[in-house]
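The residues making up each chain are set out below.
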Amino acid sequence: MLDKTGIAKRIAKEVQDGYYVNLGIGIPTLVANYVRNDIEVEFQSENGVLGMGPFPFEGEEDADVINAGKQTITTLPGASFFDSAMSFSMIRGQHVDLTILGAMEVAENGDIANWKIPGKMVKGMGGAMDLVASAENIIVAMMHTNKRGESKLLKRCSLPLTGVGCVKKIVTNMAVLEVTENGFKLLERAPDVSVETIKEATEGNLIIEGEIPKMHI
Amino acid sequence: MLDKTGIAKRIAKEVQDGYYVNLGIGIPTLVANYVRNDIEVEFQSENGVLGMGPFPFEGEEDADVINAGKQTITTLPGASFFDSAMSFSMIRGQHVDLTILGAMEVAENGDIANWKIPGKMVKGMGGAMDLVASAENIIVAMMHTNKRGESKLLKRCSLPLTGVGCVKKIVTNMAVLEVTENGFKLLERAPDVSVETIKEATEGNLIIEGEIPKMHI
Amino acid sequence: MINKKVNNISEALKGIKNNMTLMLGGFGFSGIPENAIAELVTLGVSGLTCISNNAGVDDFGLLLQQKQIKKMVSSYVGENDEFGRQMLSGELEVELIPQGTLAERCRAAQAGFPAVYTPAGYGTEVAQGKETREFNGKMYVLEHAFKADFSFVKAWKGDEAGNLIFKGTARNFNPNMCGAAKITVAEVEELVSLGTLDPNQIHIPGIFVQRIFQGDTYEKRIEQRTVRVKD
Amino acid sequence: MINKKVNNISEALKGIKNNMTLMLGGFGFSGIPENAIAELVTLGVSGLTCISNNAGVDDFGLLLQQKQIKKMVSSYVGENDEFGRQMLSGELEVELIPQGTLAERCRAAQAGFPAVYTPAGYGTEVAQGKETREFNGKMYVLEHAFKADFSFVKAWKGDEAGNLIFKGTARNFNPNMCGAAKITVAEVEELVSLGTLDPNQIHIPGIFVQRIFQGDTYEKRIEQRTVRVKD
Numbered sequence: 005m006l007d008k009t010g011i012a013k014r015i016a017k018e019v020q021d022g023y024y025v026n027l028g029i030g031i032p033t034l035v036a037n038y039v040r041n042d043i044e045v046e047f048q049s050e051n052g053v054l055g056m057g058p059f060p061f062e063g064e065e066d067a068d069v070i071n072a073g074k075q076t077i078t079t080l081p082g083a084s085f086f087d088s089a090m091s092f093s094m095i096r097g098q099h100v101d102l103t104i105l106g107a108m109e110v111a112e113n114g115d116i117a118n119w120k121i122p123g124k125m126v127k128g129m130g131g132a133m134d135l136v137a138s139a140e141n142i143i144v145a146m147m148h149t150n151k152r153g154e155s156k157l158l159k160r161c162s163l164p165l166t167g168v169g170c171v172k173k174i175v176t177n178m179a180v181l182e183v184t185e186n187g188f189k190l191l192e193r194a195p196d197v198s199v200e201t202i203k204e205a206t207e208g209n210l211i212i213e214g215e216i217p218k219m220h221i
Numbered sequence: 005m006l007d008k009t010g011i012a013k014r015i016a017k018e019v020q021d022g023y024y025v026n027l028g029i030g031i032p033t034l035v036a037n038y039v040r041n042d043i044e045v046e047f048q049s050e051n052g053v054l055g056m057g058p059f060p061f062e063g064e065e066d067a068d069v070i071n072a073g074k075q076t077i078t079t080l081p082g083a084s085f086f087d088s089a090m091s092f093s094m095i096r097g098q099h100v101d102l103t104i105l106g107a108m109e110v111a112e113n114g115d116i117a118n119w120k121i122p123g124k125m126v127k128g129m130g131g132a133m134d135l136v137a138s139a140e141n142i143i144v145a146m147m148h149t150n151k152r153g154e155s156k157l158l159k160r161c162s163l164p165l166t167g168v169g170c171v172k173k174i175v176t177n178m179a180v181l182e183v184t185e186n187g188f189k190l191l192e193r194a195p196d197v198s199v200e201t202i203k204e205a206t207e208g209n210l211i212i213e214g215e216i217p218k219m220h221i
Numbered sequence: 215m216i217n218k219k220v221n222n223i224s225e226a227l228k229g230i231k232n233n234m235t236l237m238l239g240g241f242g243f244s245g246i247p248e249n250a251i252a253e254l255v256t257l258g259v260s261g262l263t264c265i266s267n268n269a270g271v272d273d274f275g276l277l278l279q280q281k282q283i284k285k286m287v288s289s290y291v292g293e294n295d296e297f298g299r300q301m302l303s304g305e306l307e308v309e310l311i312p313q314g315t316l317a318e319r320c321r322a323a324q325a326g327f328p329a330v331y332t333p334a335g336y337g338t339e340v341a342q343g344k345e346t347r348e349f350n351g352k353m354y355v356l357e358h359a360f361k362a363d364f365s366f367v368k369a370w371k372g373d374e375a376g377n378l379i380f381k382g383t384a385r386n387f388n389p390n391m392c393g394a395a396k397i398t399v400a401e402v403e404e405l406v407s408l409g410t411l412d413p414n415q416i417h418i419p420g421i422f423v424q425r426i427f428q429g430d431t432y433e434k435r436i437e438q439r440t441v442r443v444k445d
Numbered sequence: 215m216i217n218k219k220v221n222n223i224s225e226a227l228k229g230i231k232n233n234m235t236l237m238l239g240g241f242g243f244s245g246i247p248e249n250a251i252a253e254l255v256t257l258g259v260s261g262l263t264c265i266s267n268n269a270g271v272d273d274f275g276l277l278l279q280q281k282q283i284k285k286m287v288s289s290y291v292g293e294n295d296e297f298g299r300q301m302l303s304g305e306l307e308v309e310l311i312p313q314g315t316l317a318e319r320c321r322a323a324q325a326g327f328p329a330v331y332t333p334a335g336y337g338t339e340v341a342q343g344k345e346t347r348e349f350n351g352k353m354y355v356l357e358h359a360f361k362a363d364f365s366f367v368k369a370w371k372g373d374e375a376g377n378l379i380f381k382g383t384a385r386n387f388n389p390n391m392c393g394a395a396k397i398t399v400a401e402v403e404e405l406v407s408l409g410t411l412d413p414n415q416i417h418i419p420g421i422f423v424q425r426i427f428q429g430d431t432y433e434k435r436i437e438q439r440t441v442r443v444k445d
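Residue numbers (the numbering used here), protein chains in the order written: chain F, 5 to 221; chain P, 5 to 221; chain E, 215 to 445; chain X, 215 to 445.
Same shape as in the complex, but just chain F:
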């Protein structure tokens, strides 16, 4: 099984030359570290920056330069800052090419839930609802099962939704899956994970066609 870094590495391969990418909090943030060096990609953060660079060197942090996860960051030459309305113009206007975010649940119809557990945890949706409602290319990065071992790839989400029918691809610690009309299509499996294990860990309809290749990371 992959760890978080492994998931991030696999997702990094989905990032293509010339892409503007929005990375969610958590595993998605790690993706930036593993994008190939020979392609040009720009990272957008919805709090108002395009062209994010790595974390600052110690002592060079600027409280006025953070990402959506409230982490101190740097910017690269050619970066820009803008207000929240313009930031979501980029997102809603589909100028961002790829959105990578985490999830608590994904359903076989592409629904996603990641902002609220009624009565328990209410963090809020932040920019996620805008992102999933507008992005044409959404990849979910998450563990295949929750802490209690229950599948997070469901027939139908049980938690309040973040967006409907929007997820296109999912990369978990076990597999890469595509959301199709008929459910989760298994594209790749983690090197040491069998198709049978993935089947057991997937509540939603899992489509297995032919030999399932191992992920290359």
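Be aware that a few hints might be false.
[What the hints assert, rightly or not] Simulated restraints on C-beta separations:
no.: 1; chain 1: F; residue 1: Glu62; chain 2: E; residue 2: Arg299; range: 33 to 39 Å
no.: 2; chain 1: X; residue 1: Glu433; chain 2: P; residue 2: Gln20; range: 52 to 58 Å
no.: 3; chain 1: F; residue 1: Lys151; chain 2: E; residue 2: Leu356; range: 48 to 54 Å
no.: 4; chain 1: X; residue 1: Arg442; chain 2: E; residue 2: Val441; range: 43 to 49 Å
no.: 5; chain 1: X; residue 1: Met353; chain 2: P; residue 2: Glu154; range: 27 to 33 Å
Because the hints were derived from the structure by calculation, they are not lab data.
Bear in mind the structure is a predicted one, so any value in this text is a computation, not a measurement.
Don't be surprised by glycine CBs; every beta carbon is placed ideally from N, CA and C.
Starting from the structure of chain F, add chains P, E and X where the hints point.
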């Protein structure tokens, strides 16, 4: 009867301390020259400038600094430039306190027509429709009658409208009038113009109450 | 120029009353109107409805601990324990809305639009009870412009005409909240003299600001100090 | 950074075809994409629908005289005789719309809004056939986002990442048209090297721009030269 300068001088007295003012093309543009020196006023032009100053000195014109009439202008310290969407945010959002514009016709219900003569002249409405639809304080500057001697203060506009029920005050070469529920209320008359003359030159309902004072300019 | 400068913080907050609706700029701790928030705590006004993207741990925390806030309208409140406690116990009313919707409802108020159609939240509980509509095969939710009494924003530099320039990601919601309430109060790190700011580089023209002052101090705390080590 | 620089004007206009819908920035002569317009004349594409606030005397005049434009969407066309002639004779289709509506229909396209409610034009022929609606006792007209193939804008400075800075009132519609068409082509007076522009002072981030080039020459004509005499 007043000339255009006279009309501009009378309107200038309506401009109060702390006002943001949008001036239309023609007579309204002249108003800026006659505003009292002891009050603070900022002029906005809908093509994207706030804090307009006088015309530039010869040789100092900048093609990139013009007003909505396409005239070369200057800016005062504290001025700002902005895009068209933000410019109309100021107007639509009612941040501009006073709008002064010309008209071909005004009706006794406050309707105004100033952008089109079907089959003859079609200049376009420019920013006028946005201005009259949003401004809470609109003064029309115009001649009382047209070139053929016909009244421009009508029972009902005959030309395509620019806005409905929006004009509050009118300053002409003959009079100052307020648009009320019952029609044009005569507030002041030009120094050498009789109430009788104004009556004859006004097609819409003219309300005359008591003695009508002469304008002070 | 029309002078927007006020002499002190109490003049800046004049007219603030219980049960008002306030907008507050900032994302996390970045770009929050620190001085205005501190004065709100001092004044002790209560029953407030606060429109602000987050609910920063300490600053809002003080307002929260004193129970000055009746209702929060935010997009993300994940990092505030006291907030979570009050919310789950029902002491605090919370309306969570998408971040882009929050920004645009501010901008709508600033720009004189009564409402906007956004795809965000369609099919979720955020859209419950709201009008939805199809345009070109896609579904949208009708979201209304905010109505607020005061807007508190924080800029980097400003002048007496009320012109504002923001820095880095401390910009965020601040420009969108200017002119979006009846009275906009801007606090700046540096109040410069008229004519100093390049008219091409002003983010928010003074027409959107009613009062401006230079804040006494800016703590500018960092929520997540992430660094890398030099090789 | 994603490089948006093209090598020449013909590369900048690659893909332009007859009957396309184009957005063109500028107010009067101020901030018009001079080089792109000249190339459109050279290419001789026809049947164009042009969305542009004005129809400048000479530049558009050439497009007009060659009958390249089928339809203009503008707010003001007062100073162009050839335009007036073609319009009144019916050779040229013209849709006149309020200036603020024009700006906001561009911004809606840029920002992913399908339509906006504006009070401008309510009760006039501009609102005929359009949906109207009351909000808070005031009437509004529903105006739809533009759909355009190309957007041609002109900025003062830009870099290879497509970031743009505008100057004076040459800004006008240019920023609102960026990212409002399938392809946005920006021409700049000065293409500076990456990292030269202050990230705080960029008016339009490069994400809204697909192609950028430095124009060969800028005539920057003045329509109404108004001056005063030194005492």
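Evaluated hints:
At about 34 Å, the CB distance of glutamate 62 of chain F to arginine 299 of chain E agrees with the hint of 33 to 39 Å. Hint check: glutamate 433 of chain X to glutamine 20 of chain P, Cβ distance near 42 Å, so the stated range 52 to 58 Å is violated. For the hinted restraint 48 to 54 Å between lysine 151 of chain F and leucine 356 of chain E, the CB-CB distance of approximately 39 Å leaves it violated. Between arginine 442 of chain X and valine 441 of chain E the Cβ separation comes to about 57 Å, which falls outside the hinted range of 43 to 49 Å.
Separation of methionine 353 of chain X from glutamate 154 of chain P is about 31 Å and conforms to the stated range, judged on CB atoms against 27 to 33 Å.
When the structure is compared with the earlier hints, violations turn up for hints 2, 3 and 4 and for no others.
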